[in-house]
Amino acid sequence: MQLFIIMALGVFLSFFGVSEFNKYSSTGKQDNIISQSEGYASNLYIYNDLAVQYLLQPENYVKNFNPDAVFTNYVNYSTSNNFNIQQLKNYYQSSYNFTPKYNYNSTFFLYSEPSTTGANNIPLMYLLTTWDATSFDTVNMFSSFNKLLNSKKQSGDNTYWINGVYGEYSNGKVILYSMLPKNIAPTTVSTTLQDKVFAQLAAKGFKFSQYFYLTPIYSNN
Amino acid sequence: MALLHVHKLNNKKVLGVGLIESLIALALFSGVLALYVRQTESVNDYKKAKVYSDQTNVFARDFANQLLQVNSQTTDFTGKAYQDNLLITKYKNDLIAKNKAGQTAMQIVTLNDWDNKSLFNETPCLLLYYDNAGKQNEMSGLLYYVTKKNVNIKNKELITLKAISENNAYNSAYFKDNSSILSTSKNKNGDNIVSNNGWGINTNIIKYIKNNACGSYGTLSDNSLLLNMQLIPEFNNRLVSVSGLQKTSDQSYSVNLQSNSQMDNRFLPGHLYNNNTFKSNLSLTDSVILDKNPDNLITKTINVMGATQAAALAKSINYVNNGCIYADTGSKNPPPANSSKNCSLSIVSADRLNPNRTCRVGNTYSCPTGDGGVTAQSACADNPSANSALINIGCTYVSNYNRGDYHDGECTDQDIAEGSRANYMYSMTCPLGKGSVDPVSMSMAYGSGNNTTLNFGKISSADNSAFITSAIQPNISIKTGTQCQDLELGKVAIAQKETISQSGQADSDLARNLVTCSKNATLCSTGYCYLPIKSTTFSFSNPNGLQDDNSGIFRCPAYAPYVVSFSSALVQPNVDVFTNYGGTTTSSFLKTAVGDDGNGNPNVTYSNIGNNNKYFSRWYNCNGGCNRGLWAFLRSMDFSEANIVHGSRLSIGTVSIEKIYNSSGTGLQSPVGLKATSTFSNCDNVCSSLSSPLGGVWGNISTVAVGLGNGGTISYTGIPSNKCACGRVGGQSDYWIYGIALIENVNTNITNVICSNYPEYKFQ
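The listed protein sequences derive, respectively, from chains A and B.
All letters in the first sequence, in the order written, are residues 1 to 221 by my numbering.
All letters in the second sequence, in the order written, are residues 1001 to 1764 by my numbering.
It is possible that some hints are incorrect.
As the list claims (entries may be wrong) - In silico SDA-like links for lysine to any residue, alpha-carbon gap of 25 Å or less:
(1) Lys1050/B x Thr191/A
(2) Lys147/A x Val1051/B
(3) Lys1048/B x Ile33/A
Read the hints as simulated data drawn from the structure, not as lab findings.
With these hints in hand, go ahead and build the complete structure from the sequences.
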């Protein structure tokens, strides 16, 4: 009888121990996916910051930002604008190591909204980064990326709202994964990107990968 | 017995099996207990990893915020102090200088007021490093831990790895065994169990922190976490600027001013908390107006003395930007071969780069004799007359102008370090867009006391020509209503502190507002004066009567000290209107008046004078041909109750309420309170209340009806303290006035008062 009681107690403790261990262990499959996607998101973040740093270098920005540029369908772009990690190496190699998780390809272009008053608006420069990946990895990565951009740790105590957009561009269609302020309709942004920007870039020779991250470049550095 | 024996044997067998079972059970229990202990240990390790990760992030932000503190103040040539030279700027400049001098550009920073409380008794340290080899032109940061005694902490490496896994966004590497720093970087196809962000540090950094550790705080801690500061937005504000839309600046953000409480609580362009402002350091030589052209790109050429492109590139400082076309309009065309010495920096920039330079305003320094001798000397000295306030106008520099070879390397390092400048002018054309926009103007408003400010807005010849001033931080206080000059238009100041004195109470302050020098012919006696920027009203109501105490007085509170309007509850009629040219009367009249008889006999009583209630009116005197009539002979008018025949008296409650003013001086005044009691103390204020209900302008009859009568001044008698005799301004000045009325102070409650922080102006 004692044997059964002790064995029952042992089984109970074993069950409890295993369940608790699993509860707090971060070695489960799902935990690994989250952990990996956070790393990928941060990797994109670091790459994008390097690209911004590259574009904001005075010699680059001054050379490339031309308010008198000719706009064809709102966009001023040429394939010579393209760059990738090779052009960015100077901006980190002497200080630290960086390994891109994906084969990022970037470019920049000037975009000028058509004015309803016939005016020539001052254009804005945009940075576009695209890459290919599996949809499983990317969806998880975007989830972590969104969390990263919106976290208090990353945006500080200021009331900034995020206006970089990211998502998927395939078969001429834009699917947004990024969050937008509620007063901006996602369909409007998708249509604008799809028809007025990405289609123009593709027509001018830019080779899109499946996923993209688009940020405006303000000349405040 | 045999049975009994067998039974005994069986009992012994049972006892033996029980012992074996117990041993097995004990072994099982021990196994389970071991599993439990292992599981508990794992849970504790996880908790420690989470704390380690969170703690490291907190330390990183503490370091970043520490670097954003003000290191010192900078004073411009007007004596104005700016929060300049943040610690992060100081460190960067120091490291740049070291880099240029060929020294190792690294700096270790510790936390201020470190309390020695952290997991594993480690101390966080920050390594700042700068390497311009790849033109990265950026200061990087690495947070790491040191300890005074490296003790063997069980599972420390595992805990650190879990901490990295806990927050891959920031924690990306760790230090191991005091011999190497491991980066967990693996490519996507690697089999590393710890995910990471691909960031790692290079061998130079490893060597430096191994050799220098963190001063007296000890040596590098084994298996400790490392954090990339480039991912902390307070440290790398580029992260925020590209991913977030800039909001209005936190002008009111309070920072630790350290020991200098006199410093302005403002941020120069480029500070994270002023991130939305554009960052051009320009010195205007004069006020400029930016024009509008509805058909063409709006442009305006502005002469500037700003940091040149070469200077900006050399020192990573800001320069003219945002869509402005920068053109060389110097008098030297083409620029001379020695133009490399024609360096142009604003004083503020020069101060920031080298505040202790010898060539600065106020310093008695004789510059080396150059090509131009004395000219070189004056060029070297900062010239206040050619400089002005620091501004940000929001233009982007665009270099589509071919500046030619002569301009390359315009500024030498020595020039910049010395903050030298030359009389070399450039122009900047700023496209402002097209369409129906108002003309935009920009002015430097100056006045006495070196209180120069810079203002933006619109200007026209009409009233309400004012500048947009909300972005300008006032630094002086000026009394509301103070006259200003046209050249001060747009100047902003804090409304000067004012107090209300109340009997038996301490003086109370009036609400402070911002005032700006505005053009307003109605409100400003000379056309220009300081008027409040914002108007706010507050309504106070009580059907049973508003009053501060039993005295029947209500004063508007300090935050909205001016009475704009009020209403009251009246219980009985209280106004006799004897005459009112073209307006309402009450058919009341005076029974007698005293005058002379036209034959030199004064003090003749005219009885039953009021049979006609128009007796004193113009119509009585002038009907059928105007003459001086009764007014010419009148000497005294008696308002005692016995002398009055009341008609249908009017009920005008508001006239029973006396307005209280803060001062009785001339100029711009507004009531600050109301008084509802049984007596009047100032009939000048009371009678003016008739203007609204009866029309015209009314005042105390003793004040407005002086000089009447042909033979001398008319006296007004019989007026008790609870009544005011009022006269309507106008008429034939020597003979008669437009109206006469008598107000009786009756029991009136102030039921509603609207108070404002914006005074209602009127000329006295």
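Hint-by-hint comparison with the structure:
Between Lys1050/B and Thr191/A the alpha-carbon distance is near 43 Å, which puts this suggested pair outside the 25 Å criterion. At most 25 Å may separate the alpha-carbon atoms for a hinted pair to count; Lys147/A and Val1051/B meet this at roughly 20 Å. A threshold of 25 Å between alpha carbons decides the hint, and for Lys1048/B with Ile33/A the separation of about 22 Å falls inside it, so the pair holds.
Consistency note: the structure conflicts with earlier hint 1 alone.
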